[in-house]
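Q: Starting from the known structure of chain A, arrange chain B with the ligand on it as the hints suggest.
Residues per chain are reported as follows:
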Amino acid sequence: MSGTFVGMPAFPEAARAALGDTQLRHNLAHATGVIRAKRSRLVTEVEESMPESGGWEALRLAGAGVKDRALRDLETQLVLLEERLTAAGATVHWARDAAEANAIVVAVAQRHQATEVVKVKSMVTQEIGLNEALEAEGIDAWETDLAEIIVQLGDDLPSHILVPAIHRNRAEIREIFLREMGKVGKPAPEGLTDEPAVLAGAAREHLREKFLRAKVAVSGANFAIAETGTLVVVESEGNGRMCLTLPEVLVSVVGIEKVVPTWAELDPLLRLLPRSSTGERMNPYTSTWSGVTPGDGPQEVHVVLLDNGRTRALADDVGRQALRCIRCSACLNVCPVYERTGGHAYGSVYPGPIGAILNPLLKGTGDPQTDSLPYASSLCGACFEACPVRIDIPEVLVHLRSKVVDGHRDDTVPKAEAVAFKGAAYALGDSRRLAWAERASGLAGRVMTRFGRTSLPGGRAAAGRVPGPGVGKWTSARDLPAPPAESFRAWWKRTDGGRR
Amino acid sequence: MRVALMVTCVNDAMFPETGKAVVTLLRRLGVDVEFPTAQTCCAQPMVNTGYLDEAVPVVRTFVDAFAGYDAIVTPSGSCAGSARHQHGIVARRSGDAALERAVAETSPRTYELTEFLVDVLGVTDVGAYFPHRVTYHPTCHSLRMLGVGDRPRQLLEQVRGLRLTELPAAEECCGFGGTFAVKNADTSIAMGADKARHVRDTGAEVLVAGDNSCLMHIGGVLSRQRSGVRVMHLAEILAATEDAAVTA
Ligand code: SF4
Chain A
6 MSGTFVGMPA FPEAARAALG DTQLRHNLAH ATGVIRAKRS RLVTEVEESM
56 PESGGWEALR LAGAGVKDRA LRDLETQLVL LEERLTAAGA TVHWARDAAE
106 ANAIVVAVAQ RHQATEVVKV KSMVTQEIGL NEALEAEGID AWETDLAEII
156 VQLGDDLPSH ILVPAIHRNR AEIREIFLRE MGKVGKPAPE GLTDEPAVLA
206 GAAREHLREK FLRAKVAVSG ANFAIAETGT LVVVESEGNG RMCLTLPEVL
256 VSVVGIEKVV PTWAELDPLL RLLPRSSTGE RMNPYTSTWS GVTPGDGPQE
306 VHVVLLDNGR TRALADDVGR QALRCIRCSA CLNVCPVYER TGGHAYGSVY
356 PGPIGAILNP LLKGTGDPQT DSLPYASSLC GACFEACPVR IDIPEVLVHL
406 RSKVVDGHRD DTVPKAEAVA FKGAAYALGD SRRLAWAERA SGLAGRVMTR
456 FGRTSLPGGR AAAGRVPGPG VGKWTSARDL PAPPAESFRA WWKRTDGGRR
Chain B
6 MRVALMVTCV NDAMFPETGK AVVTLLRRLG VDVEFPTAQT CCAQPMVNTG
56 YLDEAVPVVR TFVDAFAGYD AIVTPSGSCA GSARHQHGIV ARRSGDAALE
106 RAVAETSPRT YELTEFLVDV LGVTDVGAYF PHRVTYHPTC HSLRMLGVGD
156 RPRQLLEQVR GLRLTELPAA EECCGFGGTF AVKNADTSIA MGADKARHVR
206 DTGAEVLVAG DNSCLMHIGG VLSRQRSGVR VMHLAEILAA TEDAAVTA
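Chains as they are written, first to last, in my numbering: chain A, 6 to 505; chain B, 6 to 253.
Because the hints were derived from the structure by calculation, they are not lab data.
Be careful, since some hints might not be right.
[What the hints assert, rightly or not] Listed below are the simulated DMTMM-like cross-link pairs for lysine to aspartate or glutamate, each with C-alpha atoms no more than 20 Å apart in a straight line:
(1) A:LYS43 / B:GLU176
(2) A:LYS427 / B:ASP58
(3) A:LYS498 / B:ASP37
(4) A:LYS188 / A:ASP160
(5) A:LYS478 / B:ASP191
(6) A:LYS191 / A:ASP160
(7) A:LYS191 / A:ASP145
(8) B:LYS188 / A:ASP372
(9) A:LYS188 / A:GLU137
(10) A:LYS420 / A:GLU18
(11) A:LYS43 / B:GLU177
(12) A:LYS368 / A:ASP411
(13) A:LYS420 / B:ASP58
(14) A:LYS368 / A:ASP322
(15) B:LYS188 / A:GLU422
(16) A:LYS498 / A:ASP435
(17) A:LYS408 / B:ASP58
(18) B:LYS188 / A:GLU18
(19) B:LYS188 / A:ASP411
(20) A:LYS191 / A:GLU214
(21) A:LYS188 / A:GLU140
(22) A:LYS408 / A:GLU422
(23) A:LYS427 / A:ASP411
(24) A:LYS220 / A:GLU210
(25) A:LYS220 / A:GLU305
(26) A:LYS478 / A:GLU18
(27) B:LYS188 / A:GLU400
(28) A:LYS188 / A:ASP161
(29) A:LYS191 / A:GLU210
(30) A:LYS220 / A:ASP301
(31) A:LYS498 / B:GLU39
(32) A:LYS368 / A:GLU400
Bear in mind that the values here come from a model prediction, so they are computed numbers and not experimental data.
Isolated chain A (complex conformation) (with noise of 0.2 Å):
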């Protein structure tokens, strides 16, 4: 069950194939205005409500600060985060890769012959493809966050950091739980409506057995403290906290980039994620532990902290302010692009602005997929203005775009796209050859024109459908102004700038 980003073609095949899906773009354009004008409406509220402390901005770099300061000196603040948490009776585990990761979680639930765990809070876990790992060793992982459940159920791939089932619609799930929960434990309820409240419910009565009788739970965690060694999960359901508590076991994979150096420091962070996700004040479930407590919880607690290319991120001077990342999942939800075409375009469980750099980050440039995603923007900057971290995303997408180019400088046969670029850096480097160039497009537009037949609004003769791959593509649907028969270089130099 649940399925695998691996092999998903390149972005714009693959938006393609969601722009075509209607019923897609109205649930995505119908959640993404809701939590947007929540969000707006509790950001107003920071910056009216503490104006002396400089409102959002100023939190907006306290939190930038804060993850900063850890990433400086990741390497003290993991080495602490170890020991304090060692030393509370949990056991650590170090994994380079997504194979040691798997391999530390399998046998943990193994030594317990365990043939099923519950997981929570567990992005990190499909970054990995820890399920399709238990699997291959028989053991069923039950997903408990409401929205992943769904996914889950539905044999699907999450779309959206926060809301995984964003791309379904109420009666959508119903019908998924209808078919789907009876064949893998409590069946959904008799007369089963279309109700969230009614909906929650099923998935609860759903859940609650498993929870009572898994003895392993595998979770994420949201932050890491490393003066303490505490781990923190936020959460709004509850499921959460039943899967931190009730098994025996608890495995916690947790990514390098989550430790936070002290618990005074948490505080930004946790003002600006709930604000920045949800659109609340504050998380319903904040849930805090350390190792182990005698008599109360889970008696053998693993952390397994994973790097997975998170050093690699960080060894990349601009790439690495992404790894400030608290997965709020503001930038999705006010990107024009992923609007759109929806999370699963992006080919991995981190979609959206955050995919679209991170990903590359993580896994390096050099594969086609990976390397379409720097340009799945616009560039339009809505993602930096709500990052509650200020990740300048579009800086970084930028950046990005020049090491795909860049690994591609050797290649033998380069791209159309390359020699344009020569072609166009030699003509724009001398307002001379530039000249020329326009004088041979007001002669192009003269041709144009004659495939079009068409004029703008205000009389200006334009290029309808025309063939080839550039303009081609442009005129899909757009038709295209023809170039004047003078350009304004022309023109000034022909009447000294309209004084003659």
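A: Chain B with the ligand only, in chain A's frame:
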């Protein structure tokens, strides 16, 4: 004050009327604007597509062409943003210290047209007359990269005869995005179609913005839809008066 017009490569080759409108407007306001003919492009097409090495000669041409001016004015939020925020990146990559110094000289003196009018000249009433129903699209780079804020509105509100109507979801990207419009044509068109729908909903005769590239995209969609809505650069509206239409 020596003022240079940076017309931009797109305006030079495709929209010369916009350049002429800036000249008309600035002269009317008493500015003797010059056109350094050695100028070419701001290098943004290269930078934004990832061709940083190719951007180096273009940035070099830019700083050479505009050396010594007190202000460099451009009718493009996007190109002003490029000069202010990207030239430094290109210069650093080139490893040429002299280029870095030259960029540090020209970048802060580069102004988008409305910034120059409101902040440097201190005018909002430029004496324009344009008796039409107009809606304004704040382009992403002028809005977020430069932060021109409500300067374009301040200017439009003073234009006699002009009726300004509110554009729904005005701050959402139109989907142009330079090479994005071709590399991700389907997504770009979907965004452009939504923008065009919002424009039509206003009932305006004219859509105005401070970047001809975005207008070329939105206008292209509007034209294909046979909407009858015309797109115009803000400079052309500000240059229009009762006596003289824009010198075209
Ligand atoms: S990049 Fe910023 S806005 Fe996007 S998910 Fe991460 S923290 Fe949130």
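Q: Does each hint fit the structure? Answer for all of them.
A: These are the hints, each one checked on the structure:
no.: 1; hint: A:LYS43 / B:GLU176; verdict: 17 Å, holds
no.: 2; hint: A:LYS427 / B:ASP58; verdict: 9 Å, holds
no.: 3; hint: A:LYS498 / B:ASP37; verdict: 16 Å, holds
no.: 4; hint: A:LYS188 / A:ASP160; verdict: 13 Å, holds
no.: 5; hint: A:LYS478 / B:ASP191; verdict: 9 Å, holds
no.: 6; hint: A:LYS191 / A:ASP160; verdict: 18 Å, holds
no.: 7; hint: A:LYS191 / A:ASP145; verdict: 15 Å, holds
no.: 8; hint: B:LYS188 / A:ASP372; verdict: 17 Å, holds
no.: 9; hint: A:LYS188 / A:GLU137; verdict: 19 Å, holds
no.: 10; hint: A:LYS420 / A:GLU18; verdict: 19 Å, holds
no.: 11; hint: A:LYS43 / B:GLU177; verdict: 17 Å, holds
no.: 12; hint: A:LYS368 / A:ASP411; verdict: 16 Å, holds
no.: 13; hint: A:LYS420 / B:ASP58; verdict: 16 Å, holds
no.: 14; hint: A:LYS368 / A:ASP322; verdict: 16 Å, holds
no.: 15; hint: B:LYS188 / A:GLU422; verdict: 10 Å, holds
no.: 16; hint: A:LYS498 / A:ASP435; verdict: 17 Å, holds
no.: 17; hint: A:LYS408 / B:ASP58; verdict: 11 Å, holds
no.: 18; hint: B:LYS188 / A:GLU18; verdict: 11 Å, holds
no.: 19; hint: B:LYS188 / A:ASP411; verdict: 18 Å, holds
no.: 20; hint: A:LYS191 / A:GLU214; verdict: 8 Å, holds
no.: 21; hint: A:LYS188 / A:GLU140; verdict: 17 Å, holds
no.: 22; hint: A:LYS408 / A:GLU422; verdict: 15 Å, holds
no.: 23; hint: A:LYS427 / A:ASP411; verdict: 13 Å, holds
no.: 24; hint: A:LYS220 / A:GLU210; verdict: 18 Å, holds
no.: 25; hint: A:LYS220 / A:GLU305; verdict: 11 Å, holds
no.: 26; hint: A:LYS478 / A:GLU18; verdict: 14 Å, holds
no.: 27; hint: B:LYS188 / A:GLU400; verdict: 19 Å, holds
no.: 28; hint: A:LYS188 / A:ASP161; verdict: 16 Å, holds
no.: 29; hint: A:LYS191 / A:GLU210; verdict: 7 Å, holds
no.: 30; hint: A:LYS220 / A:ASP301; verdict: 14 Å, holds
no.: 31; hint: A:LYS498 / B:GLU39; verdict: 12 Å, holds
no.: 32; hint: A:LYS368 / A:GLU400; verdict: 19 Å, holds
In this structure, none of the earlier numbered hints is contradicted; all agree with it.
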